[in-house]
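S.K.: So you can see what is in the structure, the chains are spelled out below.
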Amino acid sequence: MSNKVIHVLYNDDDILMDAVKQTRAAHHHIEEVYTPFPVHGLDKAMGLAPTRLAICSFLYGLVGLSVATSMLYYIMIVDWPQDIGGKPSFSFIQNMPAFVPVMFEMTVFFAAHLMVITFYMRSKLWPFKEAENPDVRTTDDHFLMEVSVHGDVDQMVSFFENTGAVEVKVIEKH
Amino acid sequence: MYTFSSKLKTFSFILMIVGVLGIGYSFFTAPKDINDVEAILASQHGHHGDAHAEGAEHHDAKDAHVNTAHSEDAHAAAGHDAHDAHGAEAHEAHDEHTHHLKHVLQQLQNKPWAGVYVAALFFMLISLGALAFYAIQNAASAGWSPVLFRVMEGISAYLIPGAVIVFLLLVLGVMGSHHLFVWMDKDVVAHDHLIQGKSGYLNGPFFLIRAALFMGGWIFYRQYARKVSLAQDEASDNLNFKKSFKAAASFLVFFIVSESIMSWDWIMSVDPHWFSTLFGWYVFASFVVSAVTVIAMVTLYLKSQGYLEYVNTSHIHDLAKFMFGFSVFWTYLWFSQFMLIWYADIPEEITYFVTRIEHYNLPFFGMVVMNFVLPVLILVNTDFKRLTWIVVLAGTIILCGHYVDFFNMIMPATVGDQWFIGAGEIGSILFFMGLFIFVVFSAISKAPLLAKRNPLIEESKHFHY
Numbered sequence: 001m002s003n004k005v006i007h008v009l010y011n012d013d014d015i016l017m018d019a020v021k022q023t024r025a026a027h028h029h030i031e032e033v034y035t036p037f038p039v040h041g042l043d044k045a046m047g048l049a050p051t052r053l054a055i056c057s058f059l060y061g062l063v064g065l066s067v068a069t070s071m072l073y074y075i076m077i078v079d080w081p082q083d084i085g086g087k088p089s090f091s092f093i094q095n096m097p098a099f100v101p102v103m104f105e106m107t108v109f110f111a112a113h114l115m116v117i118t119f120y121m122r123s124k125l126w127p128f129k130e131a132e133n134p135d136v137r138t139t140d141d142h143f144l145m146e147v148s149v150h151g152d153v154d155q156m157v158s159f160f161e162n163t164g165a166v167e168v169k170v171i172e173k174h
Numbered sequence: 001m002y003t004f005s006s007k008l009k010t011f012s013f014i015l016m017i018v019g020v021l022g023i024g025y026s027f028f029t030a031p032k033d034i035n036d037v038e039a040i041l042a043s044q045h046g047h048h049g050d051a052h053a054e055g056a057e058h059h060d061a062k063d064a065h066v067n068t069a070h071s072e073d074a075h076a077a078a079g080h081d082a083h084d085a086h087g088a089e090a091h092e093a094h095d096e097h098t099h100h101l102k103h104v105l106q107q108l109q110n111k112p113w114a115g116v117y118v119a120a121l122f123f124m125l126i127s128l129g130a131l132a133f134y135a136i137q138n139a140a141s142a143g144w145s146p147v148l149f150r151v152m153e154g155i156s157a158y159l160i161p162g163a164v165i166v167f168l169l170l171v172l173g174v175m176g177s178h179h180l181f182v183w184m185d186k187d188v189v190a191h192d193h194l195i196q197g198k199s200g201y202l203n204g205p206f207f208l209i210r211a212a213l214f215m216g217g218w219i220f221y222r223q224y225a226r227k228v229s230l231a232q233d234e235a236s237d238n239l240n241f242k243k244s245f246k247a248a249a250s251f252l253v254f255f256i257v258s259e260s261i262m263s264w265d266w267i268m269s270v271d272p273h274w275f276s277t278l279f280g281w282y283v284f285a286s287f288v289v290s291a292v293t294v295i296a297m298v299t300l301y302l303k304s305q306g307y308l309e310y311v312n313t314s315h316i317h318d319l320a321k322f323m324f325g326f327s328v329f330w331t332y333l334w335f336s337q338f339m340l341i342w343y344a345d346i347p348e349e350i351t352y353f354v355t356r357i358e359h360y361n362l363p364f365f366g367m368v369v370m371n372f373v374l375p376v377l378i379l380v381n382t383d384f385k386r387l388t389w390i391v392v393l394a395g396t397i398i399l400c401g402h403y404v405d406f407f408n409m410i411m412p413a414t415v416g417d418q419w420f421i422g423a424g425e426i427g428s429i430l431f432f433m434g435l436f437i438f439v440v441f442s443a444i445s446k447a448p449l450l451a452k453r454n455p456l457i458e459e460s461k462h463f464h465y
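Protein chains in written order, with full-length UniProt numbering: chain L, 1 to 174; chain Y, 1 to 465.
Fair warning: there could be bad hints in the mix.
Unchecked claim - Cβ pair distances, simulated, as ranges:
#1 L:E172 / Y:K242: 54 to 64 Å
#2 Y:Q305 / L:R52: 35 to 45 Å
#3 L:Q155 / Y:K242: 52 to 62 Å
#4 L:K87 / Y:S445: 54 to 64 Å
#5 Y:G306 / L:L59: 33 to 43 Å
#6 Y:A231 / L:D18: 35 to 45 Å
Stated by the list, open to error - If you want a taste of the chain Y side facing chain L, the calculated C-beta under 10 Å gives, among others:
#7 S141
#8 F338
#9 W342
#10 A344
#11 T382
#12 D383
Everything labelled a hint here was simulated from the structure, so no lab data went into it. Source: prediction; values computed, not measured. We treat Cβ as the ideally placed atom computed from N, Cα and C, and that holds for glycine.
Construct the entire structure; sequences and hints are all you get.
M.R.: Pasting the structure below:
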């Protein structure tokens with residue numbers, strides 16, 4: 001079983017987009033695309049499943065809202081009720097308007113932070129992690145498409161050379 | 001080119017006729033004098049008494065009722081000698097009763113007028129909101145929206161009849177035909193130091209001059225923008241496009257100032273003692289979300305009839321995002337206004353919310369559900385924003401919710417606890433909806449649906465998310 005991949009480099013995002021569409025039409029398997037900046041619509045062109053991060057975010061928001069509500073209920077009503085501005089905290093519902101800003105902020109805080117952490121974990125990113133991009137030029141001005149090899153390598157190379165690539169390399173991946 | 005289908009035209013006429021009947025019925029059945037009021041109150045209290053079998057409780061309830069109404073009076077005449085207004089002891093019980101009946105009579109006589117006024121204002125502001133949204137698109141040179149420009153221009157066409165009707169209602173108020181604006185009543189002002197202090201601003205002539213100026217300015221921009229937009233279709237250069245950009249930018253400056261003052265004049269001044277510094281924004285948020293909703297719904301209707309072939313789900317998605325975003329924005333302003341006043345608890349400010357929570361509990365909190373909770377939950381999902389039936393469902397809830405919002409702004413000060421959404425209110429909604437549909441679709445049918453020479457039209461046609 002060969003672990004050969006082809007690295008195809010482009011120097012323009014429009015050419016890359018067209019190449020991705022052609023590659024998919026020719027039934028080659030795109031392993032990954034490395035770009036210096038997010039390319040709009042690339043995920044759809046590659047046929048990636050839509051992100052489920054939004055669902056996570058919504059659930060994290062609900063967690064934040066519940067944490068804030070129970071926290072405020074315990075602190076302000078159960079544990080230490082105070083009379084603030086003539087509004088004694090003996091009832092949660094009657095003091096609720098004063099708690100809404102906290103509830104809102106905690107919802108946003110939980111949704112945002114947990115979503116970012118989820119994103120890092122799903123992308124296998126953590127501090128001091130070694131960069132995965134196979135070619136440093138992808139951090140500057142080049143776009144790299146990694147395609148797994150199947151069948152005739154020479155035929156594939158000539159196919160990619162016709163997609164507007166500036167460079168096509170066959171690489172043994174470990 | 002769109003042709004106004006005879007079915008829709010008939011539908012709009014039916015709405016107008018049913019509406020006129022409803023409005024006529026509400027004016028016809030409004031009480032003429034205090035004897036009618038006494039009969040109405042007796043029947044109301046009769047029901048109340050049935051609910052509470054105990055006679056004593058009934059008596060309590062009646063007492064409380066009289067006292068509440070009376071303290072409202074005291075508030076309305078604050079500054080007027082506190083002793084007189086407050087005189088629970090000073091007045092004979094009979095005098096007090098008659099006084100209360102007169103008060104309720106005025107509220108019930110206001111009711112049909114208030115119903116008409118709320119609906120007239122609501123639909124006029126929807127078309128104003130669509131015009132402001134259109135101006136924002138032009139001033140921002142937005143690339144996604146030019147395929148929708150003719151829809152927005154069509155909706156803004158209602159501004160002319162809508163503004164004329166609202167202006168007539170304001171003129172009738174100044175002339176004394178109705179008493180929605182208590183500061184227009186000379187007897188009230190004579191006993192009210194606070195309104196006297198504001199009379200340099202709140203007086204009939206200046207009020208009408210401001211109204212005419214603002215409405216004139218909006219209509220002028222609307223007509224000009226429509227003219228250059230149509231001229232651009234036939235032009236060989238982009239001069240008209242540049243003109244529409246400059247006009248939109250100037251209009252937005254004029255709009256945000258005039259809109260704010262308009263909201264004080266036509267809405268906030270029904271409660272002449274009360275004020276809120278973010279009221280202009282709050283009103284703006286309410287009608288702009290309604291306007292975007294109407295744009296989305298008219299677009300979906302035209303699309304379902306086979307027009308607007310370049311409008312794709314991404315355009316609908318963007319409109320739904322605006323519906324979602326402006327709903328949250330409205331809630332933010334509603335809550336900011338509510339929380340600061342609730343927390344400070346200053347008597348002259350808090351009465352506004354006390355009245356609403358005591359007498360308008362269901363519409364007041366119901367509208368928060370309709371304008372915030374439901375739109376957020378329905379529209380939060382990306383895929384849902386592209387589905388026609390979801391957008392129409394959310395849009396219907398938003399429109400009903402914001403009608404209730406305007407209802408809550410006007411009614412407590414004009415009809416008090418005598419409010420009811422009945423023949424007059426629903427009739428007014430139906431009448432103005434019929435007129436709105438008729439004017440808007442007539443305007444849409446008068447020009448091609450694609451602004452074909454707009455320099456951004458290609459980008460708009462290929463817009464995708």
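S.K.: Check each numbered hint against the structure and report the violated ones by number, ascending.
M.R.: Failing hint: just 7.
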